[in-house]
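Take the UniProt record's numbering: the final residue in the sequence shown is number 237, and no numbers are missing along the way.
If you're looking for bench data, these hints aren't it; they were derived computationally from the structure.
From a predicted model like this one, the values you see are computed outputs, not experimental measurements.
The beta carbon of each residue, even a glycine, is placed where N, CA and C say it ideally should be.
It is possible that part of the hints are untrue.
[Stated by the list, open to error] The calculated label-pair distances, taken between Cβ atoms and stated as ranges, are:
no., residue 1, residue 2, range
1, Val170, Gln110, 29 to 37 Å
2, Pro73, Asp114, 43 to 51 Å
3, Glu40, Ser12, 21 to 29 Å
4, Thr189, Gln70, 21 to 29 Å
5, Ser2, Glu142, 36 to 44 Å
6, Ser175, Pro73, 38 to 46 Å
7, Ser232, Gln66, 16 to 24 Å
[Unchecked claim] Calculated lysine-lysine pairs in the BS3-like style (CA-CA distance at most 25 Å, straight line):
no., residue 1, residue 2
8, Lys182, Lys137
9, Lys137, Lys89
10, Lys52, Lys89
11, Lys89, Lys107
12, Lys20, Lys182
13, Lys137, Lys107
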Amino acid sequence: MSIQENIEHITSLIESAQTKFGRSQGSVQLLAVSKTKPPEAIIAATQAGQRKFGENYVQEGVEKVQYFNQHYPDLSLEWHFIGPLQSNKTRAIAEHFAWVHTIDRAKIAQRLNDQRPATLPPLQVLIQINISGEASKSGIQESELFELAELISTLPNLTLRGVMAIPQNVPDYASQLAAFQKLASYQQTLATRYPHINTLSMGMSGDMEAAIEAGTTMVRIGTAIFGQRDYSHAHTE
C-alpha cells in the first residue's frame, strides 16, 4: 500500500476506536513519525492530509524543518521533537520545532526556554514519564513529575500541554491499558493545576487501541505509515 493509503487506513482505525470507546471524532490526532524518511515520503503523507510530523534526531529533523519551510511554506507543517534530549542540542530544537514531547529534567526545560527565539510563539511541551520504570527508557520518575511541571509553568517561552510516555512493550491488552490509564491519571491531575493541559501523547502501532481507550489525544505512528526504516543514512544525533 502507498503512504497515502496507509494513512487512510490508520485514520479509519482511529475513527473506529474513537467510536468503540465513546470518544468524540477528532479527539485523537495522528502524529506521523518520519525519522529516517526522505522529504518525498513526507510530501506523500501531506497528500493524504497529514500535517503533524514527529522527528527523533536533531540534525535530521532540523534539516527537514528548514527544507519544508523553504520549499513548501504553504503546507504549514507542524513539527514535533519526540527523541531523547541532550543539553548541547537544545538550541537547534528551540529554534526549529513547534512541540517537544520529551522533557525529563529541569535543565533541559530551562535551556529550551532561554533559547526559544522571541520571534516564535512559546514552545509547546510535554513531560516524558518513565511509566514502566525501565532503566533503558528516558523519562522522569513519577515522583518528580509535579516539581518539574511547576518549574515549566513559570517559564514564559514554554507552554506545558501534558505528558508523554513509551510504556514497556507488552503484547497483552490488559497490561497496555493499565500503563496508559496510569499516564492518563497524571495528565488529569495536571489539568486541575495548569490551564493549557489537554494533550496525552501515547500509543504506537502495536498498542494504539488501548491508548485510545485510556484517553490518548495523540498517537505516534511511523512504520505503519512509511514502511520499514533504513538507518544506514540517518543522522542519528
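These are the hints, each one checked on the structure:
One distance hint, 29 to 37 Å for the beta-carbon pair Val170 and Gln110, holds here, with the actual separation near 35 Å. For Pro73 and Asp114, the Cβ-Cβ distance of about 27 Å falls outside the hinted range of 43 to 51 Å, so the restraint is violated. For Glu40 paired with Ser12, a C-beta distance near 24 Å keeps the hint of 21 to 29 Å intact. Between Thr189 and Gln70 the C-beta distance comes to about 42 Å, which lies outside the given range of 21 to 29 Å.
A beta carbon spacing of about 41 Å between Ser2 and Glu142 agrees with the range 36 to 44 Å that was offered as a hint. Range check, Ser175 to Pro73: Cβ separation about 44 Å, and the 38 to 46 Å hint holds. One distance hint, 16 to 24 Å for the beta-carbon pair Ser232 and Gln66, holds here, with the actual separation near 23 Å. As the CA atoms of Lys182 and Lys137 are separated by approximately 17 Å, the hinted pair is consistent with the 25 Å bound.
At most 25 Å may separate the alpha-carbon atoms for a hinted pair to count; Lys137 and Lys89 meet this at roughly 19 Å. A C-alpha spacing of about 22 Å is found between Lys52 and Lys89, which places the hinted pair at or below 25 Å, so the restraint holds. Restraint check for Lys89 and Lys107: satisfied, since their Cα atoms lie roughly 12 Å apart, inside the 25 Å limit. For the proposed pair Lys20 and Lys182, the alpha carbon gap of about 21 Å is at most 25 Å, so the pair holds.
Between Lys137 and Lys107 the CA atoms are separated by roughly 18 Å; this keeps the pair inside 25 Å, and the hint holds.
Going through the hint list in order, the structure does not satisfy hints 2 and 4.
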